[in-house]
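A.B. asks: Listed here are the chains, written in short residue letters.
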Amino acid sequence: MTEGVQPTFTAAPWRERAQEALIPPLVALLVALICGDLLILSYGQSPAAVYRLLLEGTWGNAYGFGQVLYKATTLAFTGLAVSFGLRAGLFNIGGESQLAAGGFGAALMGLALPVGTPLILALLVCMIAAGLAGGVVGAVPAYLKTRFGAHEVIVTIMLNFIVLALLNWFIAGHLHVPETLHTPEIHAGVLPRLADIDPRFHGSAANLALIVAVLVAFAVWFYLFRARGGYELRAVGLQPQAAEYGGISVGRVWMRALTFSGVIAGIGGINYVLGYKHYYEDGFASGAGFLGIAVALVGRNHPLGVLVAAFFFATLSQGGLAIHAFVPKQMMDVLQGVVILAVAMAVPEVRRILRGARGRSDA
Amino acid sequence: MTGGPASTGESARGQTSAVPAIRMEGIDKSFGAIRANRGTSVEVMPGEIHALVGENGAGKSTLMRILGGLMKPDAGHVEVNGRDVTGWSTNEAIAAGIGIVHQHFMLVPTLTVAENLVLGCEPKTRGIVLDYKRAAEDVRKLSTETGLVIAPDRLISDLSVGEAQRVEILKVLFRGARILVLDEPTAVLSPPEVRELWTVLRRLRDKGDTIVLITHRLDEVVEISNTITVMRAGQTVARVKTSETTPAEIARLMVGREVSLSAGKRVQPSGRPAGPQPDQGLEARNLIVVGSRGIRVIDDVSFSVKPGEILGIAGVEGNGQTELIEALAGLRPVFAGDILIDGVDMTRRSVAQRHDAGLSHIPEDRQRRGLILEYTVANNLILGVQKYFSRRGIIDRTRVMENAIQEISSFDIRPPNPVLAARALSGGNQQKIIVAREMGREFSVLLASQPTRGVDVGAIEFIHQQLLDARAQGKAILLVSAELNEVLALSDRVAVMYRGKFAVMMPAAEASEEVLGEYMIGTKKGNAA
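Protein chains in written order, with our numbering: chain C, 1 to 363; chain G, 364 to 892.
These aren't lab readings, by the way, just hints derived from the structure by calculation.
Glycine included, every Cβ here is placed at the ideal spot set by N, Cα and C.
Please note that a few of the clues may not be correct.
[Claimed, not checked] A partial selection of chain C residues facing chain G, derived with a Cβ cut-off under 8 Å:
no.: 1; residue: Gln45
no.: 2; residue: Ala49
no.: 3; residue: Glu56
no.: 4; residue: Phe161
no.: 5; residue: Arg226
no.: 6; residue: Ala227
no.: 7; residue: Tyr231
no.: 8; residue: Ala235
no.: 9; residue: Leu238
no.: 10; residue: Gln241
no.: 11; residue: Ala242
no.: 12; residue: Gly246
no.: 13; residue: Arg256
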C-alpha cells in the first residue's frame, strides 16, 4: 500500500476460474453416478456391468461413438442458441421450433437447387437458408419484446406450438411424399448425404455438421469475448441499467441476441436434414430444443462448456439404447434430470465452499 | 424473543463499571484474498458514544457484523459486558442487547410503524391474533421515552427517510437493545434531521445505553462522540478521546497522510477561457419530467451551466435530483422542454449521442448504473466509450489494457490490478473507476451526481480536486450532492431542489448551510430564476 504502485496482473484468476467452472459439473456427475448405481441396483443388476456396457455402446465402438457425435451435434447447436440468449439475460425456450424451421429451410433450399451445384456452394446456401428460417422464428419474440415488452419466455413457448403446427401443415398438406410425413429427398447430385462423405464412423449419422457446430461455437466465443457487440451483449445481460448508461441500446441488443439465438438453433437443422436423412421430417427436432436448455445450464453458458455438455448428454441418450436389455433406457432420462438439478444446486454451493476454503488458506 | 423494551441489558448500566460494554481483540477476518480485519481491536465503555471511523474498506462494517453475530471471526475474541461471546449467533447477540441499525432500511413498506416494530415478536391475543392495540401502545410508550416521536399507525411507505430511520432505531430498542450500532446513519438525512438524531442519541446515552457510530463524516464525529477508534486497512490505528483531538488529526490517522479538508476553490481558476460563447455549456429550458405515477417529478425547471462553472444542486434526496440528472443524461424521457449541450438541442438524442457531444456522467448509483460489477476494472474503464476501443467491431484488448494501466495509476485505483472484477474493489475505488472513465476523456459538460457518496476522506479530497481542475479547464459541471458542505465548497452557484422545482438559486458566496437547510425542508420557499 505505498504510493504510486505499479499495476500488477498477479491475480492469475484463471486457476480459480477453472476450478469454479469445472468442479460443479464434476460434483453433479458424481451425484448422478451414485443415483445411477442405486437405480441399477433396484433393477437387480450390477452397476459396474451396466456402466461397462454403456461405455462400450457409446465410446467403445466406431458406430456408437459416431451416434454420440451425431446427437451431440444437434444439442451443441441448441445449447449454444440458449446460452447466447442467456448471455444477454434472455431465456430462449424456442429452440425446438427454431431447430425445426431451420431444418425445413435447409430441406426446401436443397430441393430448389439445381443438380450440379458445387458441393461447397450448395452446403453454404442450405446452411444460410437454415439460419434464416431459425432467425425469422427467433426475431418474432425479439421484436415483440423490444416493441411491446412481451416476455420472451411466454412468446417463445407459444411460438413453438404455432411454428411446429405450421410446419406440420406444410408437410402434411403440400410437400410430403405420399404415405409419409416428410419432404421429398434432396437429390444426391445436389448434395450427398453428409454422413456418407467420410466413412470413418461406419454408417453412423455423424457428419460434417459436427465441424460446423465447432466453428459456430468458436464464432460465438469470439463474438462474446472479443467483439464489441459481445461486450455490449454481456453488459446488457449482467446489468441492463449500466448498459443503458453506457450508451448501449438495450432493445437493439435484445433484438440481436434473440434473433441470432434463433439463427444458431436453425443452423442445427442441417445435422438431421443434410447430414442424416436428406429430407425434412415432421417431429425430427422433438426434445432437442428443450434439452438445449439443460446443455446450456450444465455448460455454464460458455461455448466450450456447451460443447462438452452436449457430448455428455448425447452419451447418456445413446447409452440408454445400449443398456436397454438390462435396465429401461428411461433411466438415462432420470440421470439427465439428476445432472441438471445437481448442477443447478452445485453452482452456488460449490462456489461458496471454494471461497471458504480459499479464505482459510489465506488467513 | 425478548418481550419488550428495557427488559435486558441491566448489566450495561452505569459508567462507573470498569468492564467495557464491547471489547474486541485481535480480530482477523478474510474474504478470499481480501483481509478485512487484521488484528483489529476495539473497546467501547458502557454509556458512551463511540465513533468508529475509517476509509471505505477499512473493515468497520465487517467488525460490526462480527459483533452482531452475522459473521464469525477467523481469529481473535469478542467480549460483551465482560462475557466471552466469540462466534455467537445473531439471535444470541439480540438477546444480549446488541442492536444494529443498518445503512439500508430493513422495513416492510406496506405495514405500519407498529407492525414493523413487533415483526417477529408480535404480542398475540389468545396466541393467534395480533394484539395491535397493545403493539401500538408499546410503541407509543417507547417513542415518548426515547424522544423518537412517530405515530405508530402510519404506513412505512408514507414516511420520509428521516422518519424511517427513527423507526429503525425504535425497532432495535424495542427488542431490548442496550448497545446500539448505527452504520452511517446520517447519509440520507437533511441537516435538521441530523440534529434531531443527535438529540436522540445523547438522550439514549444519558440513559446509560452504549452507542457505536460508524461514519466517515469528521464533523459529526467531533460533534457527537465521546471516544473514537480510527481504522485503516483492517487495523486499529488509534483510540482517542474526542476532546483531545481535531478533525485534521483524525483525517490524518484515517488516510495515513496530511489531508486538506476544505476544497480550496475560491481562487479564480487560471485556465478559464477568456470569453466563452454565450450558448456553450449545458442548458435546460422549462424541463418537465413525469414520473411513474404520472406526477411531475421535474416541474418546469430552467437553468444553465456555463463553461468553467460548477452549479451545485442541494436538496433532501427524492425531490427530483435523480430524475433531473437522468433526463439530462438521456436515461429518462422528457415530457416537455429542451436540453442543450453547447448550444445543440439534445432533448431527443440517445445516451450515446449525448456522450459523443461531450457529456460525461458520474451516476448516483455506481453499483447498478455506473459499473458492471462482474466486468474487470479494465472493461469497466471503457464502458460508454467501447466503440473508441474497438476496430472493425473487435475490441482492441491491447489498448484497453494500456488505458486501464494509465487510468489506474493516474487515479490511484487500488488494488492496481486491471483484470480484477470491479465487484472486488472497495466502494471508494469503484467510484474512482467511474471518475477515471468519465473525467479521463474529452468532455465539455459533466453531470456529477453524489460523486463522493460513501467514499473515504482521501478519495473525497481527490475527487473534489478533479472537479475543480475540470472547472479550471473550462468544463461546465452540474453537481448534485446530499452533502451540503460539498455543494457549498465546490459550487459557484447553488440551487436547492424541493418537490421537483428549484426552491432557490443563489451565488455560493451568499449561501450557508442554515439558509439552504430551510429551503431543503420546505419551510422557506422562494422562486428561482
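A.B. asks: Starting from the hint list further up, note which numbers the structure goes against and sort them upward.
C.D. replies: 1, 2, 3, 4, 13
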